Amino acid sequence: MIGLQHYLILGAILFVAGVVTVLTRRHAIGILMGIELMLNAANLNLVAFNHYAAGPAPDGRVFALFVIVVAAAEAAVALAIFLNFYSNFASVDVDRASELRG
Amino acid sequence: MLAILFYIFAAITLAGAVGVVVARHIVHAAVQLLLTLLGVAGLYFLLDAEFLAAAQLVIYVGGTLVLIIFGVMLTSNLGTRLLHATKIESAVVAVAAVCLLSALGIAIRATHFASVPRVIEVDQSRQLGYSLLSDHLLAFEVASLLMLAVMIGAAYLARRRPKDEV
Chain H
1 MIGLQHYLIL
11 GAILFVAGVV
21 TVLTRRHAIG
31 ILMGIELMLN
41 AANLNLVAFN
51 HYAAGPAPDG
61 RVFALFVIVV
71 AAAEAAVALA
81 IFLNFYSNFA
91 SVDVDRASEL
101 RG
Chain D
1 MLAILFYIFA
11 AITLAGAVGV
21 VVARHIVHAA
31 VQLLLTLLGV
41 AGLYFLLDAE
51 FLAAAQLVIY
61 VGGTLVLIIF
71 GVMLTSNLGT
81 RLLHATKIES
91 AVVAVAAVCL
101 LSALGIAIRA
111 THFASVPRVI
121 EVDQSRQLGY
131 SLLSDHLLAF
141 EVASLLMLAV
151 MIGAAYLARR
161 RPKDEV
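Chain order of the listed sequences is H and D.
Every letter in the first sequence is one number past the one before it in the working numbering, and letter 60, counting from 1, is 60.
Every letter in the second sequence is one number past the one before it in the working numbering, and letter 66, counting from 1, is 66.
With the rest of the complex left out, here is chain H (with noise of 0.2 Å):
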């Protein structure tokens, strides 16, 4: 019989893999993955808890919703502004994004 936990379980996973992706990339696009890896297992967490412990209101389901919404506005303003990094630095490499380092 499958479970809340099962699913907890699972989002955990998904949400380390996206933590240990966005740490060890430096590929600018690598490290979006890796966030959306980590939006997906809270949306996965959001929409486990709407359908097992919250009762009929579908909050949880909306509000997975919204996280889609958002994450795909987040790629397309991160990924304009890894164009202008491009064209600037010829690179996507995050490691000389150090203009601003005091």
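Take the hints with a grain of salt, since some may be wrong.
Chain H stretches covered by chain D per the calculated footprint, using a threshold of three residues with CB under 8 Å from any CB of chain D [unchecked claim]:
#, segment
1, 4 to 16
2, 38 to 44
3, 81 to 95
By construction, these hints were calculated from the structure, which means they are not laboratory data.
If you're wondering where the values come from, they're calculated on a predicted model, not measured in any experiment.
Glycine included, every Cβ here is placed at the ideal spot set by N, Cα and C.
Chain D: place on chain H using the hints.
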């Protein structure tokens, strides 16, 4: 039957997630991310969230992932430079990841979640729509404003500009 489907979708999701972590090439990572997103969409189906599963497929797979792949192609440095962490960084991250995962796992195993008896609804998507346009109307409108701002902002940021203007 549901348990078998859950394990199939969970395996797809985890395979994709591990693939994103270990992929040597950024395009391979994008393909693995596609696998993860499809697996999560399947899990949404199992959780009776059909509309969310469809939104996941349309927005994430059809929109965000295509955007990411476009970004990879527009900024490709011919893929020659390896952008990977050093051995020491990887080791530190691995230790941190194991700690985080065990902390989360212990917390999940130790917590007793109150189980609310589920009410079988006739039409979950209809309920979601009513909720979106009554209780969450403000958030809905703010999201549409956000989309407008993002559209203008992304077009402004990514425009072609003369060389002397930075």
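To see whether the hints hold, each was checked on the structure:
Only when three residues or more bring their CB closer than 8 Å to a CB of chain D does the claim for the segment 4 to 16 of chain H stand; here the count is 12, and the claim holds. Taking a C-beta to C-beta cut-off of 8 Å, the segment 38 to 44 of chain H contributes 3 residues in contact with chain D, enough for the three needed, and the coverage statement holds. Given a C-beta distance limit of less than 8 Å, the hint that chain D covers the segment 81 to 95 of chain H holds, as 10 residues qualify and 3 suffice.
Of the numbered hints stated above, none is contradicted by the structure.
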